[in-house]
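Asker: Sequence:
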Amino acid sequence: MTDTDPACGGAAQAAAGREVVDAVAQVVGVVGKDAFARIVATLIRVTGDWTLAEDCAQEALTLALERWPAEGVPANPGGWLMTVARNRAIDVLRRVSTERRKLQELASLALTLTDTGPAPVRKEDVVDDRLRLIFTCCHPALRLEARVALTLRTICGIPTADIARAFLVSESTMTRRLTRAKTKIADAGIPYRVPTGPALGERLPGVLAVLYLLFTRGYDAGGEPAFADEAIRLVRLLEQLMPDQPEISALLALFLFQHSRRDARRDADGNLLTLDKQDRSRWDQAAIAEGLDVLARARQNGPYALQARIAACHATATSADATDWSAIATWYDQLARIQPSPVIELNRAVAHGYAHGPAAGLALLAAARAGGALDDYPPAFAAEADLTARLGDRGRAAALFRQAAALSHLEPERRALLDRAAQLFT
56 MTDTDPACGG
66 AAQAAAGREV
76 VDAVAQVVGV
86 VGKDAFARIV
96 ATLIRVTGDW
106 TLAEDCAQEA
116 LTLALERWPA
126 EGVPANPGGW
136 LMTVARNRAI
146 DVLRRVSTER
156 RKLQELASLA
166 LTLTDTGPAP
176 VRKEDVVDDR
186 LRLIFTCCHP
196 ALRLEARVAL
206 TLRTICGIPT
216 ADIARAFLVS
226 ESTMTRRLTR
236 AKTKIADAGI
246 PYRVPTGPAL
256 GERLPGVLAV
266 LYLLFTRGYD
276 AGGEPAFADE
286 AIRLVRLLEQ
296 LMPDQPEISA
306 LLALFLFQHS
316 RRDARRDADG
326 NLLTLDKQDR
336 SRWDQAAIAE
346 GLDVLARARQ
356 NGPYALQARI
366 AACHATATSA
376 DATDWSAIAT
386 WYDQLARIQP
396 SPVIELNRAV
406 AHGYAHGPAA
416 GLALLAAARA
426 GGALDDYPPA
436 FAAEADLTAR
446 LGDRGRAAAL
456 FRQAAALSHL
466 EPERRALLDR
476 AAQLFT
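First residue of the sequence shown: 56, per the working numbering; consecutive thereafter.
Treat the hints as calculated values from the structure; they're not laboratory data. One should not assume that every hint holds.
Unchecked claim - Cβ-Cβ distance ranges computed for the label pairs, FRET-style: (1) D284 / T117: 21 to 27 Å; (2) A281 / R335: 21 to 27 Å; (3) E226 / S336: 43 to 49 Å; (4) G256 / A454: 46 to 52 Å; (5) A377 / E257: 41 to 47 Å.
For glycine and all other residues, C-beta sits at the position ideal for the given N, C-alpha and C.
Produce the entire structure from the sequences given, and follow the hints as far as they go.
Answerer: Quick look at the structure:
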């Protein structure tokens with residue numbers, strides 16, 4: 056009789072098998088975040104068929120989940136996924152007898168999948184399919200919300216349900232909107248390219264707005280860091296394309312300043328830390344230095360330049376007490392004049408609260424909330440709580456922090472707000 060129960064051995068093998076499957080699923084998830092956008096953008100360029108591109112990319116990810124646990128993760132998982140998606144697209148096009156040119160272009164993709172050398176960036180053409188796709192998604196023929204939603208779905212790979220929640224509509228409604236946008240691109244013959252001449256300047260603000268949203272999606276409390284990295288990479292490409300556009304440089308500087316704090320934004324338990332609680336020695340000084348160099352190229356004070364100057368004040372302060380809040384308040388005054396919005400007015404109130412005292416901040420905050428746009432916005436309650444605490448009313452401040460937590464849909468943010476409420480009485 057052996058010491059090992061066969062049943063226990065079988066259970067152990069099953070558990071090990073599940074661990075392999077789980078590990079592979081995690082790899083597919085990480086690789087897929089980047090590969091999905093690459094595959095979709097490339098297949099759209101070649102075939103012009105958005106649905107085919109998305110379906111083939113999804114099928115490649117599904118096949119990876121089936122095969123990789125047994126066969127192992129390939130040395131170049133992104134290339135494997137691209138090859139599978141390309142082959143699937145070829146099969147579909149062959150069945151529907153699509154023109155030979157598309158089949159030839161798809162077949163030629165195999166020759167470039169392992170090419171890792173840098174490609175030259177020309178003013179008239181950005182050699183990155185995702186950037187071409189962003190310009191296509193941001194075409195003025197589409198409604199603004201359609202541009203944003205289509206880019207979030209296609210470039211970021213954000214699920215339709217999540218986009219629908221952001222737009223406060225049902226998933227089925229958002230699906231129909233995305234379908235209509237794709238159909239309009241096809242029916243109107245919107246070209247899949249980076250525009251030139253006056254059209255480039257007209258389309259730029261929409262593209263910058265999308266990149267800003269992409270970065271925010273990666274930087275917020277519940278975001279995916281890969282989205283922030285991708286936004287930085289894409290805005291670098293855009294700056295190469297249009298080096299004479301200061302707002303592109305300003306946006307890159309803003310991203311670098313914000314992202315420099317990524318490793319210091321949470322404590323050892325994963326809890327969010329406010330700026331004054333962060334270990335500044337963990338900030339990425341190389342990113343801050345690059346941000347300052349890039350910001351020097353943004354000679355004008357457009358919306359992104361002003362935000363970058365505000366971020367620079369925080370990034371270069373040696374401590375929370377050394378922050379130049381007077382300068383930040385001045386920058387916010389300018390930003391509120393050229394790009395007024397409730398959120399900017401909220402941030403302006405906070406800046407004035409630190410520069411000129413909490414009473415001044417609360418007065419501006421009351422004015423910002425007068426229209427009702429911030430009634431369900433957690434940061435508005437958190438800002439009021441912070442300013443109220445600094446006035447000495449800890450009880451009301453704690454209640455406001457708890458109210459902000461109740462409104463938050465992000466667990467890390469909710470937990471941080473409740474912690475701040477508790478800390479008022481410790």
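Asker: None of the hints should be skipped; say for each whether it holds.
Answerer: We went through each hint and held it up to the structure:
no.	hint	result
1	D284 / T117: 21 to 27 Å	25 Å, holds
2	A281 / R335: 21 to 27 Å	25 Å, holds
3	E226 / S336: 43 to 49 Å	44 Å, holds
4	G256 / A454: 46 to 52 Å	49 Å, holds
5	A377 / E257: 41 to 47 Å	42 Å, holds
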